[in-house]
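The hints should help you fit chain V onto chain W, whose structure is shown.
Heads up: the sequence lines are chains W and V, in that order.
What the first sequence shows, in my numbering, is residues 1 to 688, in sequence order.
What the second sequence shows, in my numbering, is residues 689 to 1376, in sequence order.
It cannot be assumed that every hint is accurate.
Here are the simulated DSS-like pairs of lysine-lysine, each with C-alpha atoms no more than 27 Å apart in a straight line [what the hints assert, rightly or not]:
no., chain 1, residue 1, chain 2, residue 2
1, V, K907, W, K517
2, V, K1273, W, K591
3, W, K358, W, K211
4, V, K912, W, K585
5, V, K899, W, K182
6, V, K1279, W, K585
7, W, K591, V, K1039
8, V, K912, W, K224
9, V, K958, V, K912
10, V, K1254, W, K517
11, W, K566, V, K1205
12, W, K56, V, K1279
13, W, K219, V, K741
14, V, K870, W, K211
15, W, K159, W, K34
16, W, K517, V, K870
17, V, K907, W, K53
18, W, K224, V, K744
19, W, K291, W, K335
20, V, K722, V, K870
Hints in this document: simulated from the structure, not taken from any laboratory.
2 protein chains.
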Amino acid sequence: MKPVIMISLLFACLICHAQVNNELNLMPVPAGIKSNGQHFFITQQFHVAITGKPNKRLYSEASRFIRRMGEKTGLFLDRQGFVTPSDNDLNAPLLINVNHEARLVLNEDESYYIEVGNMQVKVNAATDLGAIHALETLMQLVTADSNGYYFPGVIINDKPRFVWRGLLLDVALHFMPMDVIKRTLDGMCAVKLNVLHLHLCNDQGFRVESKTFPDLQRKASDGKYFTQENIRELVAYADQRGIRIVPEFVVPAHTTAVLTAYPQLASVKKPYTLQHYFGVFDPVLDPTDPKVYVFLDRLFTEMASLFPDQYFHIGGDENTGRDWDSTPRIRAYMKAKGIKTYMDLQTEFNKKLLPILKKNNKTMIGWDEILQPGVPKDVVIQSWRGKEAFYQSVRQGHAAILSNGYYIDLIQPTDVHYLNDPLPADTILTSEQVKLVLGGEATMWSEHVTPETVDSRVWPRTAAIAERLWSPRQVNDVTDMYRRLDIISRHLETIGLTHLSFRPPLLRRLANSYDTKALEILVDVIEPLKMYERNQGDTMYTVFSPYTKLADAATPDQPLPRSFGKLVSSYLQNQTPEMELAIAKQLLVWKNNHQQLLLIAEHSPILKEALPLSENLSLIAAAGLEAIEYIRQKNKANVYWLRERLLLIEKAKQQSGRCELQVVNPVEQLLRAAAVAEDTIEGKLAIN
Amino acid sequence: MKPVIMISLLFACLICHAQVNNELNLMPVPAGIKSNGQHFFITQQFHVAITGKPNKRLYSEASRFIRRMGEKTGLFLDRQGFVTPSDNDLNAPLLINVNHEARLVLNEDESYYIEVGNMQVKVNAATDLGAIHALETLMQLVTADSNGYYFPGVIINDKPRFVWRGLLLDVALHFMPMDVIKRTLDGMCAVKLNVLHLHLCNDQGFRVESKTFPDLQRKASDGKYFTQENIRELVAYADQRGIRIVPEFVVPAHTTAVLTAYPQLASVKKPYTLQHYFGVFDPVLDPTDPKVYVFLDRLFTEMASLFPDQYFHIGGDENTGRDWDSTPRIRAYMKAKGIKTYMDLQTEFNKKLLPILKKNNKTMIGWDEILQPGVPKDVVIQSWRGKEAFYQSVRQGHAAILSNGYYIDLIQPTDVHYLNDPLPADTILTSEQVKLVLGGEATMWSEHVTPETVDSRVWPRTAAIAERLWSPRQVNDVTDMYRRLDIISRHLETIGLTHLSFRPPLLRRLANSYDTKALEILVDVIEPLKMYERNQGDTMYTVFSPYTKLADAATPDQPLPRSFGKLVSSYLQNQTPEMELAIAKQLLVWKNNHQQLLLIAEHSPILKEALPLSENLSLIAAAGLEAIEYIRQKNKANVYWLRERLLLIEKAKQQSGRCELQVVNPVEQLLRAAAVAEDTIEGKLAIN
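Isolated chain W (complex conformation):
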């Protein structure tokens, strides 16, 4: 097992290197930053003073900052308690000045200025929101050497590129309890996201207590919902972090839960039960029934009173239209009104919701399906199906939020999301249209996550999306993003996120033992199936399915396959003995791992689905070792050798346990580099 340790030390050193060199590890990268050669030591006397027009939100966040500083440095600070209005000493080690109290609304000033000097750290901000961002930047700036902790001397002038920097958390498909939401808000604050979009109902459940329609939680939540007190607590918690909560109540489709409680509102009149599978289903509200609007008026008015934000999301996505089509009453209504398509009918439905939201001083948002002729211009469009809908929205004069490209539930690598710029340099939008682009939202749909695993799908990738939405367009170096992502990932863990720590217990459970080493080695190089592949074939998941299996321990965009791929690329360009050794050692670990995993699986049948992956890993690693030997000896393997081994490569691309191996491509590169190519003369001669 020695080689794996050596190779991970090698990788660890690459990370250390950056720290030693005092490169800054901020994420998101500030709009403007320069070094001033100063150095501020963090000592036991460290404390915070605030001048200007501070408010409760800032005092509270400053107190949390002090607590975190103690936890990070281990210092028993002299002034550990709460920062209060009496803390206004102009010579305080950290002096914050704010000009006015923020309103937690779109377009509020979030800019800030930090100057780290030898004697004092100064923060200036227009509002407490800016000051809170500054505190998070300072937490990320804390650096250490053998003399202790310090802030490196920098001057930072920072402000966000987009005003809407969101994360959608779906608490409907799988419910997420209070502590998950709270730690998610902490993580969002750390990377300067400012909108938590809560997807609160769907076919699988209605997740907010309604006092007007209590059957929603009684009959249509499986007992899993937020009380109104819970919601008020979350809104207050988010406000404290400078984060708006935008609620989504999806209509007219995805309403099986609503119809389970109130079947009289359905297009097809029949009893409904909660949907426990995931997908797109036909149940839909009856847009021809005035009672539906009375219901929605009362429900939305009640819900609007719980969520102070100006925006109210009505969903609007994935209406199959089938239940409308199969209902003569509805077809007759359409005919009578001259409504041609189901989308037109939905637009009519949406228009009837507008006065309800207006009355409650809310602005409507919906998914891009609602962008139909006749939709009023003050409706905000959230694009999920593609960039085209996004461009259309702003061309038609709607404010727009981009989610297409930020679907973190689809297990894509971070760089895909990171390079997905709402407004690339070559944007085809006019400057007027550009103004309508509010920003973007990462979307965490919860079909395949539980409170145990959700963090590992949200973080750290969402930090890179946060950078895309905050930092200047020019900040787009993928290599540097990944370097910082590894560091921010640990930083996020210190505030209670579990995207790293969830795994060892899951592996102990899977292995039915403390001895999880072989399983760790495998899980480090597999990922769950991407896009919508996981919930297919013979594996149909429900709300109750076990999410404690191999695919749940596996996480997106793992560091090891990424760094191994890089190592192989470098090696194939420029073969050094060090790289050769590092690759060979890694391959040897993988080759030998299967025997160890077999031992574990013998008493843990849940791991049977891991064995094909493990065996394939072992086989391609063995082939890779042969390849390295050919390359080292500057021999070329013959075409037959290659053909046979490429069969292993093909086999290794097959999924098992809804997971796939992530290191097949670099091994294939090694094999091809080691052998005579079939399309060369030498290759052709060899075959003929």
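For chain V alone, coordinates are given in the frame of chain W:
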């Protein structure tokens, strides 16, 4: 780093061995269990039916059981959803019958019967409480081999030895949020504890919302308290697990929080502020002031309505009497009433509380300080200061609960608690007195724990206390307890407890890196200072101090020092080359570890306090290696060699970072075995 892996595999194999042999790993051990040679395979068709008089509590727990079974086995069970009254098929794979619905009160029947047959598993229980215990036993019974998961064929007849099997969780000194309480209840249910004693206020805060006296939470909680809705939710959650919640509101001392909100109730009239240090303080209610009793009447009546349990704990401990002594008004009152001592005054105070509790149909409990002449017999005494108070209580006719010996906050090894029997075989109590012994309570005082670390102080040791209170007295084999404790520890982790998983993130934070190996090696052999040593000397902790340091990562009763100690003992009795090699490899790991840790600490000043421990570990390990060599060569080291190395041993016993090394004694044994003893003739000759 190879040796440490090998040695941990060696230890892991010892654990596997037990599983392979199909020894049962139940904790607590049932009162009666025998094998019947049957074997029940758990397949996709596994489901539960319930007959008799089931209730909501049982249906809900049975549904949770089904969900856990899916999570453990990875099976997509055909009937994954909820167990309902329609599930009453007499041929169901698991058939539960209950005779009547339990009342959640002391002395309710908790017995159960399990019969695992080839075709069916049958559970019979008088009440749903018994059935819930049976489900937890079944979860622990699940076994696996290469054919799949199964229940081994057993017949179990089980019932508890004591009716009061509790855990005190202190949410006053450090507040513990909802999710900590809930997962604690889950853990308690898994090991058949049935009372959660919540210590809800102290000098550091009052932790329950009062609508009668809202300044309690407004001014005296630092914002950390349970709303009344929270309390109702916790009570319901506990009820669901068959667990009673007993609230404690401590009076008349430990009331700085109450007096911060309502200083007019104090003996010494002055403004109070929340106490942020820990200890015993003078602020105390004024027992001479009728307003105090009016206040307590209204407060206790409000609190009594929130907690349905019959028992209500009024604390009563650690009254210094100083504020009574220094107040002429109170001294005059005592003189006038002929009250001689402060304890008598407190007894008078307690007597005035009794009608308040009686009116609310509550039985009073208090700490053993309240056992004074004249205390009515229906008051229950909880003994913390020693066994004598416990015996006195029952001799004087009080029902009694033992906590002395179960103070899990004091970081003592598990066996100390495990062997602390409330009624040992040679008990001096009469059979009438024995009837008054209700049981015991583990006590988790929270001076030095946070939500992040608390589980690691509670678990797994509390499982052994649970066994002491549930299983027959004769179940007291420490070796077998430890064998099962390692397994139950993993089992507890699967239900969400974090006593194992909290550590890696804490180490990553401490190391400021993913590379924590050297730190792990150290932390595996250190423990926080025991008893009341941690909060002394130059390290005075407050509520705000960082609990993210070495002593927080260290945990009580670590497995490695225990198994290393055993290995050394065995070796010194019977020296085999295998043992010699295992010891030497372990010593080599420790010897070499310090250099690695130095590298980490270079960029992590918070780790400086770890270095003396690490260096000492390295030095004594080197000495141990020399000793092994002497022993191996059957040479004796001379007295000077021993004297010099014993100096290292002495040094290695010193604390650093509020931690101490746990492997010093076995190494010392090796050294002494390797050398000539000074008190032998050979030794004396050598010196003279």
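Evaluated hints:
{"no.": "1", "hint": "V/K907 x W/K517", "result": "violated (51 Å)"}
{"no.": "2", "hint": "V/K1273 x W/K591", "result": "holds (26 Å)"}
{"no.": "3", "hint": "W/K358 x W/K211", "result": "holds (22 Å)"}
{"no.": "4", "hint": "V/K912 x W/K585", "result": "violated (52 Å)"}
{"no.": "5", "hint": "V/K899 x W/K182", "result": "holds (26 Å)"}
{"no.": "6", "hint": "V/K1279 x W/K585", "result": "holds (26 Å)"}
{"no.": "7", "hint": "W/K591 x V/K1039", "result": "violated (75 Å)"}
{"no.": "8", "hint": "V/K912 x W/K224", "result": "holds (25 Å)"}
{"no.": "9", "hint": "V/K958 x V/K912", "result": "holds (24 Å)"}
{"no.": "10", "hint": "V/K1254 x W/K517", "result": "holds (25 Å)"}
{"no.": "11", "hint": "W/K566 x V/K1205", "result": "holds (25 Å)"}
{"no.": "12", "hint": "W/K56 x V/K1279", "result": "violated (53 Å)"}
{"no.": "13", "hint": "W/K219 x V/K741", "result": "holds (24 Å)"}
{"no.": "14", "hint": "V/K870 x W/K211", "result": "holds (26 Å)"}
{"no.": "15", "hint": "W/K159 x W/K34", "result": "holds (15 Å)"}
{"no.": "16", "hint": "W/K517 x V/K870", "result": "violated (31 Å)"}
{"no.": "17", "hint": "V/K907 x W/K53", "result": "holds (24 Å)"}
{"no.": "18", "hint": "W/K224 x V/K744", "result": "holds (16 Å)"}
{"no.": "19", "hint": "W/K291 x W/K335", "result": "holds (21 Å)"}
{"no.": "20", "hint": "V/K722 x V/K870", "result": "violated (34 Å)"}
Checked against the numbered hints given earlier, the structure breaks hints 1, 4, 7, 12, 16 and 20 and satisfies all the rest.
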